[in-house]
Amino acid sequence: MTPPPEDLASEDAKIPAPASPDALRDAILSVAAGDADSFAGLYDATSARVHGLVLRVLRDPAQAEEVTQEVYLEVFRRAAGFDPARGSALAWILTLAHRRAVDRVRSSQSQSDRDVAYESRANTQEPDPTGEAALATLEAQRVRTALEQLSERQAEAIRLAYLDGLTQTQVADRLGIPLGTAKTRLRDGLLALRRIVSAPRQRKEE
Amino acid sequence: MAGKHPDPDEHEEMESLVVASVLDALDRRQQAEVDAHLATCPRCRTLEASLRETAVEISAGLESAPPARLRVSVLDAVRAEAAASSPTEARMRPSRRAVIGSALALAASAVVATGVVLSRPGRSEEDQEIARVLTAGDARLYSTTWESAQVTVVHSASSAASVIEVRGLPPAPRGRDYQIWSMSPAGPEDAGLLRPDADGRARLRIGSHAAGGTAVSLEPAGGSEQPTTSPFIAVTYS
Ligand SMILES: [Zn+2]
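Protein sequence lines, in the order shown, are assigned to chains A and B. First residue of the first sequence? That's 1 in full-length UniProt numbering, and the numbers climb one at a time after it. First residue of the second sequence? That's 1 in full-length UniProt numbering, and the numbers climb one at a time after it.
Just so you know, these hints were derived from the structure itself, not from any lab. What you are looking at is a predicted structure, and each value in this text was computed from that prediction instead of being measured.
If you anchor each label on the Cβ, the simulated ranges turn out as follows:
1) A:SER151 - B:GLU126: 42 to 50 Å
2) B:ALA39 - A:GLU74: 16 to 24 Å
3) B:ASP138 - A:SER151: 18 to 26 Å
4) A:ARG153 - B:GLU126: 39 to 47 Å
5) B:ARG132 - A:ARG77: 44 to 52 Å
6) A:ALA80 - B:GLN30: 28 to 36 Å
7) A:THR169 - B:ASP7: 23 to 31 Å
8) A:ALA23 - B:ALA77: 17 to 25 Å
Just so it is clear, CB atoms sit at the ideal spot from N, CA and C, and this is done for glycine as well.
Full structure from sequences and hints, please.
Printed below as a string of structure tokens:
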């Protein structure tokens with residue numbers, strides 16, 4: 001085993017470890033040139049994001065693992081098609097990841113099967129009753145940070161579409177609202193999120 | 001749908017479709033229509049690109065490190081594919097990191113959906129303390145990876161405590177120990193030694209009054225009063 005480096009700056013390992021957009025871009029460009037070490041670095045810098053998103057959409061650890069693997073193979077195969085002028089590396093990777101996760105949701109099982117499976121897994125799993133519930137709560141708190149600045153209706157619509165993998169038609173059905181209203185909430189919600197994200201932000205650290 | 005939007009209503013409709021496309025919320029037929037339009041409309045392509053950056057924010061905070069074995073499996077698959085597609089050039093050599101991953105994959109245990117291993121029945125007092133932190137109303141979860149190790153920290157300010165858990169952490173080199181530091185305004189405070197078991201796992205509760213974070217460094221066996229090396233894992237509570 002290789003010992004940990006003794007003088008690695010702590011910034012390199014800060015949590016959540018945010019790889020710089022430039023570093024990710026360069027890593028994909030190197031991968032496109034066939035560099036294995038760059039791919040390992042790219043995986044290390046992004047796999048928690050990819051797996052976290054896929055797991056949230058699929059709610060099934062085994063499937064999330066499979067899909068995450070597929071995503072990275074696709075990243076590898078399509079690296080040469082990545083155009084840094086058109087967007088960030090992370091957006092490119094998460095776009096591939098989200099699409100695959102949603103495809104899997106829609107092809108494998110119905111939404112309700114998936115929910116039932118998740119429920120039964122969560123309810124019947126042996127150990128500690130506190131654990132799973134506590135973690136679900138933590139997860140909910142964290143995802144709220146990005147969406148919490150939207151109106152609850154907009155945030156709910158975006159959550160159903162993006163994190164639960166519903167189509168806009170399914171979002172309307174689920175919420176019992178007309179399709180036009182669902183579309184408006186999604187559009188206004190994402191545009192509002194864009195304004196919030198691109199507004200000058202307060203420094204989060206220190 | 002032509003490449004221009006002379007009519008403001010049509011533009012609004014197109015905007016909705018681009019949003020739904022970015023969220024992957026269209027059925028196949030609608031998606032194909034939008035894709036065809038995007039191919040001819042620079043304005044909508046610009047909108048799409050900017051919204052894809054925005055969508056990245058939706059899943060920020062959902063990070064979940066995959067099991068260590070997945071890393072091995074992904075890198076193996078990529079290496080195999082690279083070798084197959086270009087037999088003579090650009091053959092990929094196993095990286096140092098990949099080798100570490102292979103060794104750990106043998107010890108990889110059951111999948112846990114999230115970073116924290118749940119307590120077992122028949123819990124000790126330590127386990128109960130840990131459960132208290134995990135279930136605290138203000139508990140927040142942070143996770144990261146270092147080499148092949150997955151690191152999860154749950155912090156609860158109201159409990160004045162955190163729980164750190166590692167999986168896949170290689171044994172400390174001979175004569176050294178991993179030491180945890182509670183990062184207080186007064187500086188790092190000793191929070192104990194992190195001793196991974198044969199599977200590279202360890203979990204510890206950290207009492208942390210007013211702590212702003214947790215760090216782990218490699219120290220001489222038994223630990224130090226103050227860190228003598230830079231932490232290689234550092235979590236800043238937000
Ligand atoms: Zn257009």
